[in-house]
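J.: Chain residues, written in single-letter form:
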Amino acid sequence: MNEKTQKLPARLHNDFMKVWGNPQGWRALTIVNHTTIGIRFMVTGGVFFLIGGLLAMLMRTQLALPEQEIIGPELYNQLFTMHGTIMMFLFAVPMVEGLALYLIPKMIGARDLLFPRLSAFGYWCYLFGSIILLSSLVLGIAPSAGWFVYTPLSNEVYSPGPNIDFWLLGITFVEISAVSAGVELVVSILRSRTSGMALLHMPLFCWYILVMAFMIVFGFPPLILGSILLELERAVGMPFFDIARGGDPILWQHLFWLFGHPEVYIIFLPAAGIVSTLIPVFARRPIVGYRWVVLAAISTGFISFGLWVHHMFTIGIPQLAQAFFSVASMLIAIPTGIQFFAWIATLWTGRPVYHIPMLWLLGFLVIFLAGGLTGVMLALVPFNWQVHDTHFVVAHLHYVIIGGMLFPLIAGLYYWLPHFSGRMPSDKLARWGFWLTFIGFNMTFLIMHLTGLLGMPRRIYTYEAGLGWDLPNAVSSVGGFILAMGIAMILFDIILHFRIGRPAGVNPWHADTLEWATSTPPQPYNFISLPADPTRHPMWTETSLQATIAEGRHTLSEIDHGRRETWGSDPVTGKIRDIIHLPGNSWLPFYAALVLSVLCISLLIRTYEIALIALLISLLLLLRWSWINGAHPGAAPDARVKPGYPPLHSRTFDSPGLWGMVVTLFSDGALFLSLLFGWLYLWVIGPNWQVPDAAPLAWTTLVIAGVLLSGAAYWYRRVLQRLKAGDDHYLQYQLWGITTLGLAHCCMLLWIWTTAPLMVTHTAHDAVIAVFLAYLLFHGGLAVIVTGLQAKRVAYGYVGKSVPYEVAVLEPWWLYTVGVFWISLLVILLLPSAWGGM
Amino acid sequence: MEPEAIWKTVIRSLAPLGLINIFFFLGGCAGPQSALDPSGPSALAIADLWWWMFGFSAAILCIIVMLWLYAMWRKPPSMTETEAYQIGNRWIIGGGLVLPIVSLTLLLSFGIPIGYRLLPLPLEDQNPLHIEVIGQQWWWEIRYVDAGIVTKNQLHLPVGRPVDIHVSSIDVIHSFWVPKLGGKIDAIPGRTNVLRLEADTVGHFRGQCAEFCGKGHAEMILFIEAHTPESFVAWMEGYKHE
Amino acid sequence: MLSPFHPLQLALGLVVWFTWFALMYGALATACAVAPPSADQGTLTWINVALLINTIVITGLLLYWASICWRAARAGNKRENTSYLFIAKLGASINLVGAVATFSLGGVVLLLPPCL
Chain A
10 MNEKTQKLPA RLHNDFMKVW GNPQGWRALT IVNHTTIGIR FMVTGGVFFL IGGLLAMLMR
70 TQLALPEQEI IGPELYNQLF TMHGTIMMFL FAVPMVEGLA LYLIPKMIGA RDLLFPRLSA
130 FGYWCYLFGS IILLSSLVLG IAPSAGWFVY TPLSNEVYSP GPNIDFWLLG ITFVEISAVS
190 AGVELVVSIL RSRTSGMALL HMPLFCWYIL VMAFMIVFGF PPLILGSILL ELERAVGMPF
250 FDIARGGDPI LWQHLFWLFG HPEVYIIFLP AAGIVSTLIP VFARRPIVGY RWVVLAAIST
310 GFISFGLWVH HMFTIGIPQL AQAFFSVASM LIAIPTGIQF FAWIATLWTG RPVYHIPMLW
370 LLGFLVIFLA GGLTGVMLAL VPFNWQVHDT HFVVAHLHYV IIGGMLFPLI AGLYYWLPHF
430 SGRMPSDKLA RWGFWLTFIG FNMTFLIMHL TGLLGMPRRI YTYEAGLGWD LPNAVSSVGG
490 FILAMGIAMI LFDIILHFRI GRPAGVNPWH ADTLEWATST PPQPYNFISL PADPTRHPMW
550 TETSLQATIA EGRHTLSEID HGRRETWGSD PVTGKIRDII HLPGNSWLPF YAALVLSVLC
610 ISLLIRTYEI ALIALLISLL LLLRWSWING AHPGAAPDAR VKPGYPPLHS RTFDSPGLWG
670 MVVTLFSDGA LFLSLLFGWL YLWVIGPNWQ VPDAAPLAWT TLVIAGVLLS GAAYWYRRVL
730 QRLKAGDDHY LQYQLWGITT LGLAHCCMLL WIWTTAPLMV THTAHDAVIA VFLAYLLFHG
790 GLAVIVTGLQ AKRVAYGYVG KSVPYEVAVL EPWWLYTVGV FWISLLVILL LPSAWGGM
Chain B
45 MEPEAIWKTV IRSLAPLGLI NIFFFLGGCA GPQSALDPSG PSALAIADLW WWMFGFSAAI
105 LCIIVMLWLY AMWRKPPSMT ETEAYQIGNR WIIGGGLVLP IVSLTLLLSF GIPIGYRLLP
165 LPLEDQNPLH IEVIGQQWWW EIRYVDAGIV TKNQLHLPVG RPVDIHVSSI DVIHSFWVPK
225 LGGKIDAIPG RTNVLRLEAD TVGHFRGQCA EFCGKGHAEM ILFIEAHTPE SFVAWMEGYK
285 HE
Chain C
32 MLSPFHPLQL ALGLVVWFTW FALMYGALAT ACAVAPPSAD QGTLTWINVA LLINTIVITG
92 LLLYWASICW RAARAGNKRE NTSYLFIAKL GASINLVGAV ATFSLGGVVL LLPPCL
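So the sequence lines, in the order shown, correspond to chains A, B and C.
Numbering-wise (the numbering used here), the first sequence opens with residue 10 and increments by one.
Numbering-wise (the numbering used here), the second sequence opens with residue 45 and increments by one.
Numbering-wise (the numbering used here), the third sequence opens with residue 32 and increments by one.
What the hints contain is simulated information worked out from the structure, not anything from laboratory work.
Chain B stretches covered by chain A per the calculated footprint, using a threshold of three residues with CB under 8 Å from any CB of chain A: (1) 75-81; (2) 107-117; (3) 139-145; (4) 256-268.
Beyond 10 Å from chain A on every Cβ pair, some chain C residues (computed): (5) Met32; (6) Ser69; (7) Asp71; (8) Gln72; (9) Trp77; (10) Val80; (11) Ile87; (12) Val88; (13) Gly91; (14) Tyr95; (15) Arg102; (16) Gly107.
All C-beta atoms, glycine included, are put in the ideal place defined by N, C-alpha and C.
Please build the complete structure, drawing on both the sequences and the hints.
T.: Pasting the structure below:
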């Protein structure tokens, strides 16, 4: 080895840091790098976990003995509501997302996620939303209707005051972050895998995260819609859930659990992904049944959307309908069984070595399996009628969530600690932490099954002595404190290891996946050069990978152009298609989230003038954000690439932006379907559904508005087709023409809305129609604004024949807008006439 | 299998789960609000179902944990990748497909008929007693429609006669639940749900609102007294005279 | 018909299952709201029969798709890229899972009356 190649890595590192390096001080708020954002997510999630745990300790103190008066019902109700909300929304989801944001690019051999500014935006939304939500606890006005905020208890009549508004607005804000991370993960996994990493070579963790990300994309919108509707009911008086005016509180339950059940699997699947990653490494052999495991992950993802009614077995729906959901709930045991036996078979045929993460996986096995078995019991309708809403369910859900998420997560944490810090954890402390947690957990929750069977309902702040609940509750409380000690021990171990842990060296566990080919701790650019990866186990087949990557011996190691670049590849085969250039650090995500939190707070205190101003400012910030793209001097004005390399993505028609748009529209479509479901549900099931005698909207004007919109979309499509054929004549003027047509559509829609005799506070019927109109207006309006901006960008030369990708990105939005317009028209106008005299 | 035999199985399979729990299960499941101390056919059917499911699940849990531990511990003979593939496939198909499918089919073939029997189906030989229960924050209004009696938080039943409880609410969602008699059903504003119950032993039981309903949720308790048919008539007469 | 090598095969079978499930649940609720059969008809009602026929048709369709994918994966030599063979194999099993899920859910209509 000569002197030149030895010097090379250090010089390359310096060159890369000039482009990829993270700023210090205040400017650290501008960082968009996935490693930093992922760690921020995890650390913040960890803090919320401790806060949520603290609330649980308070509750266990109150319940330790019968008839205690330490905590009154008002506070207790806030405690359990916030405990559930914090653990599910502020800890579990952000934590697994953070881990995925951190790991995914490294595992697939990319330098960053594909929408770095969106990662940062998601983090700030999460942080600000959480702070808003938690401030209610400090102010003593925390939500107190349970984490599934059933209405009517959560409406303006039975929960006056801002408590529930904190929940609805804060959680919706946090959900923006979840969905944006979901979109980003889907597109990154599909489009930025390194050269040759075909779908069938993808690490299993990536499969699980892909499924999870899709589930977030489809699963969160029902709750977002539900929260918007409930907030509208509380703030404006639109009666979506009010029986007397034609609404139905059960609709809320459907919308909530349509989200709520997939949610459980959204946090379980990444954890199962951790298990599937760790077991082969410690069994010293590839996973047995790779395709089986992928099949199980995909099936779990889908089937989990068909179970939501099993949370509602006691609301009095027909037995046959309950049986559908009962069977579906049991079906999910089959993919789970497949995974368990694939893991066992891997251990069976491998030569397992014993390290701390394996201990946590054993804990996972025992606890999650027990929780899964009680889950099957709960899926059986008659048994569910007896134990639903008792402490049996509390025990079950802690078994599945702590067993199925926390234990694998801690296993993963110990496994990737050397990656985060470059140091190994202490074996002795880690063992203490595990056994305290494991024993404390089982002591708390095993007995709690019995407590529930003895008749103790959940969510009661106290209980009489002599019902047989005294001793089990005391045991649970003692166990809870042991569990807390275990968690403290783990925390202590982790903090300590940063100081005294021994250096980890290269690939300390002899793992097979690419994240161990970065330096530990990793640099912001992950890899100096991007290796081709035509196998499932790159680090096993090529043990010197870390060194050769750092020496720049693989591809895309040029940095003198000053762009942040990573490979864009074919979703199936992983063949290289284009070079994706990524935006750098920016204040915009931080500011946009900040202004959105002002919007959130002003809605909370119902000062709508400020809310409107904040909304406009945030829109401006987001548009500014979209402005710095393509051939803009802040993005990639110079399109020259090394000979033999594919073009930059902004010089093609098939950019990650297009994929991001389509996935976002999936999410948007799920929201629209939820709205459609709500409308049909109220028609069919709502006990007091009232339809006005005359149709509230005029046929003819609506159809004309629709024709204008369809014309605009058709024109847009033509423009894009011509551009693809290399013809950009009058591009700017055509885009202006489309904008004008769209604007005419919007004005007409607005006119229809304002002149229609809608009584939105009188009947749920009119209220839902108003929501439909608002939805259409939003889509039409946004289409107009962004198309107008495109026309401006053509004038500036940021978009055109050589930089066409943005025009292609917007096409799906136009088509979607046309689609939802006609569907809405159909159901608003045709349904009443088809339904006839009902 | 007799209940005693089930008990023994249960206790045996509990052994690995820790001493403290054996203590509790032996300590008994009695209590005025215990689902494991049934006083009616519906609760009895569910309690039986529970013990069967519990024994079965405990056995499965033990077997799989043992398997995992053994797989960790054993030193496998050297094998080719094809052999490993075959072994793995056998494990996955046997344990991941056959085992759950057989168990679930078994479970459903017991569970669905039990659920069906608990429905308020029309009866051939007798009329169920009609009682309306209206949940409100935070008490129960009990109406004996035919007799014109209204009580607060007091539910009186005759033993041996099916009772149809028509449950509704005037404010938020509550849930009507008397564990010793059977499952629960939600009290939802704007709807009436019907729950068929029957008591087969005389005595006092306790019921409680099961769906969180606000500040007074923990105090929303219902007292039930199951009478012999004669004393039930006497209670009704006496109540009317008050 | 979608090519057996198309990546959407990894979702299609279960998307069909979910759509079928949602529509069946909705149709059941609507039928019970509009024209509930009397309780003493048991399981022999027009609703059960319609749902059963529906179940059989969808199950058959999914099984057919599964077999197309499976045969394409077995034949395999048309496309040399293993990535696409992987998709066809996995797609076959996804369609099969969809068929099993459809049939096991739909089979319940043999056991219970529709609107009680």
